[in-house]
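Using the sequences and the hints, build the whole thing.
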Amino acid sequence: MMTKSCLMSCCSMSLKFDVLIVEDAYGYFYNIFPRYESIFGEYSSSVEAASASIDSSAQYWTLSCIKKARSFIKKSLLSPSHGLKLGCKVVNHCINYCCFYVTEAQEMLQVLINRLRTTLEGSSADIGWLQKTEGLPPVVDGTTRFKELLSDVRNGMHNLPNSLVYLFIPGLFSNHSPLYFVNTKRFFSKMGLTCHIAKIHSEASVEKNAWELKQYIEELYWGSGKRILLLGHSKGGIDAAAALSLYWYDLRDKVAGLALVQSPYGGSPIASDILREGQIADKEARRIMEFIVCKLIKGDIRALEDLTYDKRKDFISKHKLPSDELPIVSFHTEASSAPGVLATMSHIAHAELPWLPLPQFLAQYEDSYSLLATPRVPVVIPLSAAMAISALHLRLRYGERSDGLVARCDAEVPGSVVVRLERKLDHAWMVYSTLRKDPVEADASEMCEALLTMLVENTKEKCDFP
Numbered sequence: 437m438m439t440k441s442c443l444m445s446c447c448s449m450s451l452k453f454d455v456l457i458v459e460d461a462y463g464y465f466y467n468i469f470p471r472y473e474s475i476f477g478e479y480s481s482s483v484e485a486a487s488a489s490i491d492s493s494a495q496y497w498t499l500s501c502i503k504k505a506r507s508f509i510k511k512s513l514l515s516p517s518h519g520l521k522l523g524c525k526v527v528n529h530c531i532n533y534c535c536f537y538v539t540e541a542q543e544m545l546q547v548l549i550n551r552l553r554t555t556l557e558g559s560s561a562d563i564g565w566l567q568k569t570e571g572l573p574p575v576v577d578g579t580t581r582f583k584e585l586l587s588d589v590r591n592g593m594h595n596l597p598n599s600l601v602y603l604f605i606p607g608l609f610s611n612h613s614p615l616y617f618v619n620t621k622r623f624f625s626k627m628g629l630t631c632h633i634a635k636i637h638s639e640a641s642v643e644k645n646a647w648e649l650k651q652y653i654e655e656l657y658w659g660s661g662k663r664i665l666l667l668g669h670s671k672g673g674i675d676a677a678a679a680l681s682l683y684w685y686d687l688r689d690k691v692a693g694l695a696l697v698q699s700p701y702g703g704s705p706i707a708s709d710i711l712r713e714g715q716i717a718d719k720e721a722r723r724i725m726e727f728i729v730c731k732l733i734k735g736d737i738r739a740l741e742d743l744t745y746d747k748r749k750d751f752i753s754k755h756k757l758p759s760d761e762l763p764i765v766s767f768h769t770e771a772s773s774a775p776g777v778l779a780t781m782s783h784i785a786h787a788e789l790p791w792l793p794l795p796q797f798l799a800q801y802e803d804s805y806s807l808l809a810t811p812r813v814p815v816v817i818p819l820s821a822a823m824a825i826s827a828l829h830l831r832l833r834y835g836e837r838s839d840g841l842v843a844r845c846d847a848e849v850p851g852s853v854v855v856r857l858e859r860k861l862d863h864a865w866m867v868y869s870t871l872r873k874d875p876v877e878a879d880a881s882e883m884c885e886a887l888l889t890m891l892v893e894n895t896k897e898k899c900d901f902p
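Residues in the sequence shown are numbered consecutively from 437, following the working numbering.
Keep in mind that the hints were calculated from the coordinates and are not lab data. These figures come from a predicted structure and were not determined experimentally. Watch out, some of these pointers could steer you wrong.
Using 25 Å as the maximum straight-line C-alpha spacing, the simulated BS3-like pairs for lysine-lysine come out as follows [as the list claims (entries may be wrong)]:
no.	residue 1	residue 2
1	Lys734	Lys747
2	Lys650	Lys690
3	Lys754	Lys568
4	Lys734	Lys719
5	Lys860	Lys621
6	Lys734	Lys644
Okay, the calculated beta carbon distance ranges per label pair [claimed, not checked]:
no.	residue 1	residue 2	range
7	Arg831	Asn598	42 to 50 Å
8	Leu552	Ser660	53 to 61 Å
9	His637	Arg723	21 to 29 Å
10	Thr539	Phe609	45 to 53 Å
11	Pro875	Arg831	24 to 32 Å
12	Ser660	Ala721	43 to 51 Å
13	Ser681	His637	17 to 25 Å
Glycine included, C-beta positions come from ideal geometry on N, C-alpha and C.
Right, dumping it as structure tokens:
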């Protein structure tokens with residue numbers, strides 16, 4: 437009796453449900469088609485016919501669904517085995533869905549763990565890989581000799597020959613730094629030496645700049661008849677080394693030597709940490725750098741990619757630098773993290789203010805002092821503070837000393853004479869002057885002269901240069 441009463445109540449509920457479904461279906465179709473009839477008035481007869489056809493189709497579909505649902509409910513209530521099978525199927529589907537979502541969650545968690553591990557490890561396994569690689573030529577410590585030459589330069593002994601052309605290759609973002617190597621070039625010109633600053637697009641890739649430098653060196657050689665002595669700072673040293681590695685057959689008789697100053701020959705941990713794939717927010721970091729380098733600076737993202745450890749390992753393994761034939765000097769420093777560095781300002785450019793009137797007491801000297809005719813205001817930024825923070829970050833994270841961008845061990849070119857200066861100098865010190873100059877210490881121009889003098893000495897030993 438209980439089963440029969442339950443069945444009757446379920447059937448009555450299903451009939452009420454059927455009526456509601458049919459009414460909803462009719463209401464839906466009757467509400468829809470008058471709108472089409474108002475839009476297409478000239479086709480009212482067609483719309484009415486289509487409406488009647490759809491009404492009959494909707495009624496048939498609704499009644500068919502109701503019959504299937506009613507038969508399914510009756511079978512489940514009257515046949516316990518059928519209900520048991522249905523329950524088993526439902527449970528089985530639930531288990532399958534749970535297993536699927538658990539597997540997906542495990543995979544997502546594993547990906548997150550791998551990304552977290554890659555982010556935390558960073559460049560710890562890559563820093564200093566040049567010293568760990570077997571088969572590369574050893575380096576020679578030339579720090580003592582460099583100090584002797586630097587002392588001679590400061591005492592007025594200038595031994596650089598005029599039989600060479602001195603070419604300075606600037607580093608990354610030099611196109612936006614008008615004072616890059618300017619003071620050094622002026623210093624060399626006063627000594628009567630032929631000196632040039634390479635006009636290359638420093639934000640381009642290493643291989644592209646290598647080709648441009650090859651052509652630039654050949655033009656200087658054929659125009660002057662003198663061999664070229666190269667000094668590259670930061671990425672400029674990488675570009676120069678790539679030019680000699682790729683086109684050594686063409687440049688063998690035209691280049692006398694190469695000095696790499698604070699160049700990430702083995703790679704840069706900063707560039708690698710920013711562009712490393714597989715770490716947390718790697719795609720977002722890459723999009724930000726692409727926007728800065730490509731959109732704002734109008735450069736090539738490959739210029740930064742070429743400084744990563746993966747790219748440097750691949751390039752060095754394929755293209756050997758002829759260190760057995762070419763004299764090479766490597767120079768690297770360590771940035772200071774003292775609190776006083778935070779107040780140091782770097783002079784990176786001049787801002788001309790032609791709209792300012794010349795003071796009355798200087799008007800009579802306008803022709804004699806043409807530099808005073810257009811007032812110029814120095815543009816300074818706390819570059820040393822940024823380098824100090826970056827160097828402190830690398831020291832705390834990896835335990836490595838650096839100039840703020842390049843680890844000291846990654847700046848030593850295999851087969852070169854290495855200058856490991858103890859004086860605290862950041863990555864930008866070589867090319868930008870500070871507002872507070874120390875008369876006791878040597879400036880960047882004097883250090884460049886000492887480095888090139890050492891390079892000339894090595895050239896005489898290796899190549900019998902006169």
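Which hint numbers doesn't this structure obey? none
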